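Visitor: For the record, the sequence lines run as chains H and B.
Position one of the first sequence corresponds to residue 1 (UniProt numbering), numbered consecutively onward.
Position one of the second sequence corresponds to residue 1 (UniProt numbering), numbered consecutively onward.
Hints were generated in silico from the structure; no laboratory data involved.
Check the hints yourself; a few may be wrong.
[To be verified] In silico DSS-like cross-links for lysine-lysine, where the CA-CA straight-line distance does not exceed 30 angstroms:
#, chain 1, residue 1, chain 2, residue 2
1, B, K267, B, K197
2, B, K267, H, K244
3, H, K244, B, K57
4, B, K344, H, K118
5, B, K391, H, K93
6, B, K57, B, K267
7, H, K244, B, K38
8, B, K38, H, K93
9, H, K244, B, K61
10, B, K197, H, K93
These numbers were taken from a predicted model, which means no experiment stands behind them.
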Amino acid sequence: LLKHVRNISRHRTFLNMIHSFSRILSSKRNIGILSLMGGSVAAGFLLQREHASAGSPLRRRYPASSEYPDLRQHNNCMASNLTPAIYAKLCDKTTPNGYTLDQAIQTGVDNPGHPFIKTVGMVAGDEESYEVFADLLDPIIKERHNGYDPCVMKHPTDLDSSKIHSGQFDDRYVLSSRVRTGRSIRGLSLPPACTRAERREVERVVVDALAGLKGDLTGRYYSLTQMTEKEQQQLIDDHFLFDKPVSPLLTCAGMARDWPDARGIWHNNEKTFLIWINEEDHTRVISMEKGGNMKRVFDRFCRGLKEVERLIQERGWEFMWNERLGYILTCPSNLGTGLRAGVHVKLPLLSKDPRFSKILDNLRLQKRGTGGVDTAAVGGVFDISNLDRLGQSEVQLVQTVVDGVNYLIECEKRLERGQDIKVPPPIKQFK
Amino acid sequence: MTDPFLRPSVLPPLTGVLAAGARTAAMTKNCHNDYKMKFTTDEEFPDLSLHNNHMAKVLTKEIYEKLRSKSTPSGFTVDDVIQTGVDNPGHPFIMTVGCVAGDEESYEVFKELLDPVISDRHGGYKPTDKHKTDLNFENLKGGDDLDPNYVLSSRVRTGRSIKGFTLPPHNSRGERRAIQNLSIEALSSLEGEFKGKYYPLDGMTDAEQEQLIADHFLFDKPVSPLLTCAGMARDWPDARGIWHNDNKTFLVWVNEEDHLRVISMQKGGNMKEVFKRFCVGLQKIEEIFKKHNHGFMWNEHLGYILTCPSNLGTGLRGGVHVKLPKLSTHAKFEEILTRLRLQKRGTGGVDTASVGGVFDISNADRLGSSEVEQVQLVVDGVKLMVEMEKKLEKGESIDGMIPAQK
Numbered sequence: 001l002l003k004h005v006r007n008i009s010r011h012r013t014f015l016n017m018i019h020s021f022s023r024i025l026s027s028k029r030n031i032g033i034l035s036l037m038g039g040s041v042a043a044g045f046l047l048q049r050e051h052a053s054a055g056s057p058l059r060r061r062y063p064a065s066s067e068y069p070d071l072r073q074h075n076n077c078m079a080s081n082l083t084p085a086i087y088a089k090l091c092d093k094t095t096p097n098g099y100t101l102d103q104a105i106q107t108g109v110d111n112p113g114h115p116f117i118k119t120v121g122m123v124a125g126d127e128e129s130y131e132v133f134a135d136l137l138d139p140i141i142k143e144r145h146n147g148y149d150p151c152v153m154k155h156p157t158d159l160d161s162s163k164i165h166s167g168q169f170d171d172r173y174v175l176s177s178r179v180r181t182g183r184s185i186r187g188l189s190l191p192p193a194c195t196r197a198e199r200r201e202v203e204r205v206v207v208d209a210l211a212g213l214k215g216d217l218t219g220r221y222y223s224l225t226q227m228t229e230k231e232q233q234q235l236i237d238d239h240f241l242f243d244k245p246v247s248p249l250l251t252c253a254g255m256a257r258d259w260p261d262a263r264g265i266w267h268n269n270e271k272t273f274l275i276w277i278n279e280e281d282h283t284r285v286i287s288m289e290k291g292g293n294m295k296r297v298f299d300r301f302c303r304g305l306k307e308v309e310r311l312i313q314e315r316g317w318e319f320m321w322n323e324r325l326g327y328i329l330t331c332p333s334n335l336g337t338g339l340r341a342g343v344h345v346k347l348p349l350l351s352k353d354p355r356f357s358k359i360l361d362n363l364r365l366q367k368r369g370t371g372g373v374d375t376a377a378v379g380g381v382f383d384i385s386n387l388d389r390l391g392q393s394e395v396q397l398v399q400t401v402v403d404g405v406n407y408l409i410e411c412e413k414r415l416e417r418g419q420d421i422k423v424p425p426p427i428k429q430f431k
Numbered sequence: 001m002t003d004p005f006l007r008p009s010v011l012p013p014l015t016g017v018l019a020a021g022a023r024t025a026a027m028t029k030n031c032h033n034d035y036k037m038k039f040t041t042d043e044e045f046p047d048l049s050l051h052n053n054h055m056a057k058v059l060t061k062e063i064y065e066k067l068r069s070k071s072t073p074s075g076f077t078v079d080d081v082i083q084t085g086v087d088n089p090g091h092p093f094i095m096t097v098g099c100v101a102g103d104e105e106s107y108e109v110f111k112e113l114l115d116p117v118i119s120d121r122h123g124g125y126k127p128t129d130k131h132k133t134d135l136n137f138e139n140l141k142g143g144d145d146l147d148p149n150y151v152l153s154s155r156v157r158t159g160r161s162i163k164g165f166t167l168p169p170h171n172s173r174g175e176r177r178a179i180q181n182l183s184i185e186a187l188s189s190l191e192g193e194f195k196g197k198y199y200p201l202d203g204m205t206d207a208e209q210e211q212l213i214a215d216h217f218l219f220d221k222p223v224s225p226l227l228t229c230a231g232m233a234r235d236w237p238d239a240r241g242i243w244h245n246d247n248k249t250f251l252v253w254v255n256e257e258d259h260l261r262v263i264s265m266q267k268g269g270n271m272k273e274v275f276k277r278f279c280v281g282l283q284k285i286e287e288i289f290k291k292h293n294h295g296f297m298w299n300e301h302l303g304y305i306l307t308c309p310s311n312l313g314t315g316l317r318g319g320v321h322v323k324l325p326k327l328s329t330h331a332k333f334e335e336i337l338t339r340l341r342l343q344k345r346g347t348g349g350v351d352t353a354s355v356g357g358v359f360d361i362s363n364a365d366r367l368g369s370s371e372v373e374q375v376q377l378v379v380d381g382v383k384l385m386v387e388m389e390k391k392l393e394k395g396e397s398i399d400g401m402i403p404a405q406k
């Protein structure tokens, strides 16, 4: 079934590239008519594709050497990889929608970085950014994703959650389980570059599709501009509400423009499946619940994602995906699966053991505080999730988290009993 | 700064492109705006229902429809102009402008939007009005006798944009660096009381930084979303810096909210001296830029062209820090200020409250009156208010002193 879907996706790619050059946006029900035109449309598409990298000459009154950013104080992936030669090669190019290199790297120029955390320092403004600026993005991707080479490797996608085993954790240790990813709607620019019309179209397309979800996935949409005070308070209490980004990593990339226009939150009635619209990506999809049933969380995640994909395809849309980079998202760090599967788990003894970091490293896991990416742990409770995103499938990454968390809990139990623990051998990365 | 990658080895090309008639030449194709035109006006029009700024009050769908297909020669569009106003619905203390210019041509290409904004902001200024420039300090009467027991400091600032370059919301790193280089060259040729030194933001030592902070000279990366949403903080601190004379009475900011901000200041109440130094220094600087074929942006309708429409005309804010604890609590304080064509701020600047009864009092107008006229209002108005304060100290009434509307 998955293969069948992928083949349709490739054919649709041609059609959707043409769509982005036509005025028709919402009435994408004309799929049948366009299929008949397949031949000439494909030829037209190929012609356009030739020019995708050419772009129009930019206003450029100074040589590239005068425009090259001062990156001497910088410590991010963009700064490590942007040589003057690459800058000179790419600085006059634009994507078909007019997105430029200077725009893509602005966030990395404006945010030199952190001595301990190496940020990516670059974003994509649209799907084509990953092609037009490949000379810079490919090495960044390779560095950020531990050697994954987009020029020669293929990324596996696998959303068959039935393959997960041992996915039920000990509830005495695991307080909650969560899986998130992002999805972008092909044919519309990404948050750093999208116009108001495009952003509103993303909202329309996704909300329209979500209205078709049934059973335990039935839910409703709360637009940031329309929600009542009561609804807002409830969403805050549920820890669902997202705020206007304040992080300069995001604002300098232009992702907070026109806030809160066309932003919103959708969730199912059971509050176990949640979608953010038009925050850092077109959509962020989250499946979660209290306790340690990661298997059920991932089941719902896959089921929900596939259902949403089916619903948007019915309407003539599809997600951005290719076999080189997997799912296309705004930040290169989220390419591939865009998946972060994690738990909040009590590890008071293990976390004090000097071998804790090494154990996590070898298990290919990362720790965060329970407030998220920039927070510290409280009361020995950690957020433990997968390190990797690209080069392994969703099933592989979730199994890694399952195996890893089970191991950590085992260590904690052993330490409780006064027994010693072992540092596991490092897991191989690209399987 | 010897890295060849960081400085153009020659000054940028001359500004023939901006000469009259050159608007028809070399219009850059704006790929992104062409793409945007595939969407309808309705689909793109911003939601301004919660907004309270000058742009939001003026911008109709009709105006947006008319302007959205346009682009200045350097590629600035109406969406670029209004982004800051869309992202910032309002301000608790002031009615913000909500739009910026990206280059000199913005005021022409987007006049359907900017003329009414200018009119609202500048007391009904019409598209046919002419603005008078008068930087002859000798025309100022008085101003050397403000009581220093009340007037703690005096200051005059303005901005200047350098012709041939785009403005801070839009300029590239190459342009910004060229502006810096030109400015350093111009400023380092000043002599006498104007002899001074340039401190680039990314090159100063810790000791220099401490001193500039202690002198209240150092400007920071803008944090106000009014500025950041307009793109003025990009590439910070590249090509930004501060120049000041050895006496610390004449100061120039390079590449902050405008190409140049020029400030003359000193402790006490001798506004006459402050204004004289201001005028003389400005004119010396202008001569040097003109010699390099990069004079200041100016025209007889809008006066000096600056990034924010609120600073058009003179771009001048002349003010004092003055102790008015009694007058400031008087019921008629606001009315007195309005009649005198003055505005109050806290001593921390535009977004602050007053501390200890000390206020920053300055001219409210920028466009439609000259530099001399505006500073005259400050000098006369502050003198009157200090006299009122003295009366109130003695327990006397000030009703007879309330001025007529100027």
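Visitor: Can you list which hints this structure breaks, lowest number first?
Guide: 2, 4, 5, 6, 10
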